[in-house]
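J.: For what it's worth, the numbering used here labels the leading residue of the sequence shown as 948, then goes sequentially.
The set of hints was computed from the structure by calculation and includes no laboratory data. Watch out, some of these pointers could steer you wrong.
As the list claims (entries may be wrong) - When the alpha-carbon atoms are kept at most 27 Å apart in a straight line, the in silico DSS-like pairs for lysine-lysine are as follows:
no., residue 1, residue 2
1, 1010, 1087
2, 952, 1081
3, 952, 1087
4, 1054, 967
5, 1010, 957
6, 1087, 957
7, 1054, 1010
8, 1010, 967
9, 967, 1002
10, 957, 1054
11, 986, 967
12, 1002, 952
13, 1087, 956
14, 986, 1087
15, 986, 952
16, 957, 967
17, 957, 1002
18, 1081, 957
19, 1087, 1002
20, 956, 1010
21, 956, 1002
22, 967, 956
23, 1002, 986
24, 989, 1002
25, 989, 967
26, 1010, 989
27, 1010, 986
28, 956, 1054
29, 1081, 1010
30, 956, 1081
31, 1081, 986
32, 1081, 989
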Amino acid sequence: MDYIKSNIKKSIFIEAPLVKVWQYAANVGNWEEIHEGLKIVKQISGDGGLSSVYKAEYDMFGKMVPVNIEVQQSELFPEEFVMRAAIRVDTVDPAEDSFVRQNYTAKAEEGGTTLNLESIQNIPYVDKNKTFDKEAYQEKRDELAQQAIERIRLFCEE
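Just need the whole structure built from these sequences, with the hints factored in.
T.: Laid out in structure tokens, this is it:
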């Protein structure tokens, strides 16, 4: 099986307090507005924080696939926050070494907050009818990550 591996890192300064950035970026319910191609179907457990699980759909290679999003870490400190989520594609065999991790970290700075996004991916790609351009896919993932943090900035600076 051919795997798509990527590790995208983005950072942006947001002219808003840490708490406001935390309230928006760390709320998986907002991710539909942040991440292109993601549709949150419903929260199926938890209170939105640690161990909360969401059912969603994601546009993967032009096809909407069911995914589960689980909040693995969600902590707000006086000068920083950490929010980590694991995303599992329901159509992928759980025995496979397949995963997506979405991590947000931020630090309070003078005049605002520095937000970091790290998106780590190791998912199988199987489509016998198409050739897959990994370089173009990586460029698209990089572009989507940049758009995501820009959307967070725009919302928080309103």
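J.: The structure should be examined with respect to each hint, and the outcome stated for every one.
T.: Going down the list of hints, with the structure as the test:
1. Straight-line distance between C-alpha atoms of residue 1010 and residue 1087 comes to about 16 Å, which keeps the hinted pair within the 27 Å bound.
2. For the given pair, residue 952 sits about 9 Å from residue 1081 by alpha-carbon distance, which is consistent with the 27 Å threshold.
3. At most 27 Å may separate the alpha-carbon atoms for a hinted pair to count; residue 952 and residue 1087 meet this at roughly 13 Å.
4. A hinted pair counts as satisfied when its Cα atoms are at most 27 Å apart, and residue 1054 with residue 967 qualifies at roughly 12 Å.
5. Taking the CA atoms of residue 1010 and residue 957, the gap is about 26 Å. The hint holds against a cut of 27 Å.
6. Pair hint residue 1087 plus residue 957 holds up; C-alpha atoms about 14 Å apart against a cutoff of 27 Å.
7. This hinted pair does not check out: residue 1054 and residue 1010 have alpha carbons roughly 36 Å apart, beyond 27 Å.
8. Taking the CA atoms of residue 1010 and residue 967, the gap is about 34 Å. The hint is violated against a cut of 27 Å.
9. For the proposed pair residue 967 and residue 1002, the alpha carbon gap of about 25 Å is at most 27 Å, so the pair holds.
10. Taking the CA atoms of residue 957 and residue 1054, the gap is near 14 Å; set against the 27 Å cutoff, the hint holds.
11. Taken as a hint, the residue 986 and residue 967 pair is honoured in the structure, with Cα atoms around 23 Å apart against an allowance of 27 Å.
12. Simply put, residue 1002 and residue 952 have alpha-carbon atoms about 23 Å apart, close enough for the 27 Å limit, and the pair holds.
13. Of the supplied pair hints, the one linking residue 1087 and residue 956 holds, its CA atoms being roughly 13 Å apart against a limit of 27 Å.
14. Taken as a hint, the residue 986 and residue 1087 pair is honoured in the structure, with Cα atoms around 18 Å apart against an allowance of 27 Å.
15. With a C-alpha separation of about 23 Å, the suggested pair residue 986 and residue 952 falls inside the 27 Å cut-off, and the hint holds.
16. For the hint pairing residue 957 with residue 967, the CA-to-CA distance comes to about 19 Å; that is within 27 Å, so the pair holds.
17. The suggested pairing of residue 957 with residue 1002 holds, with an alpha-carbon distance near 26 Å, which does not exceed 27 Å.
18. Distance check on the hinted pair: residue 1081 and residue 957 sit about 20 Å apart at the alpha-carbon level, within 27 Å; holds.
19. Distance hint between residue 1087 and residue 1002 is fulfilled; the C-alpha atoms sit about 24 Å from each other, no more than 27 Å.
20. For a cut-off of 27 Å, the pair hint linking residue 956 to residue 1010 stands: about 25 Å separates their Cα positions.
21. Simply put, residue 956 and residue 1002 have alpha-carbon atoms about 25 Å apart, close enough for the 27 Å limit, and the pair holds.
22. A distance of roughly 21 Å separates the Cα atoms of residue 967 and residue 956; the hinted pair therefore holds under the 27 Å criterion.
23. Between residue 1002 and residue 986 the CA atoms are separated by roughly 9 Å; this keeps the pair inside 27 Å, and the hint holds.
24. Pair hint residue 989 plus residue 1002 holds up; C-alpha atoms about 5 Å apart against a cutoff of 27 Å.
25. As the CA atoms of residue 989 and residue 967 are separated by approximately 23 Å, the hinted pair is consistent with the 27 Å bound.
26. Pair hint residue 1010 plus residue 989 holds up; C-alpha atoms about 19 Å apart against a cutoff of 27 Å.
27. A hinted pair counts as satisfied when its Cα atoms are at most 27 Å apart, and residue 1010 with residue 986 qualifies at roughly 13 Å.
28. Under the criterion of a C-alpha separation no larger than 27 Å, the hint pairing residue 956 with residue 1054 is consistent with the structure, at around 16 Å.
29. Proposed proximity of residue 1081 and residue 1010 is supported: the alpha carbons are some 17 Å apart, at most 27 Å.
30. Between the alpha carbons of residue 956 and residue 1081 the distance comes to roughly 18 Å, so the proposed pair stays at or under 27 Å and holds.
31. Pair hint residue 1081 plus residue 986 holds up; C-alpha atoms about 24 Å apart against a cutoff of 27 Å.
32. With a CA separation close to 31 Å, the supplied pair residue 1081 and residue 989 exceeds the 27 Å bound.
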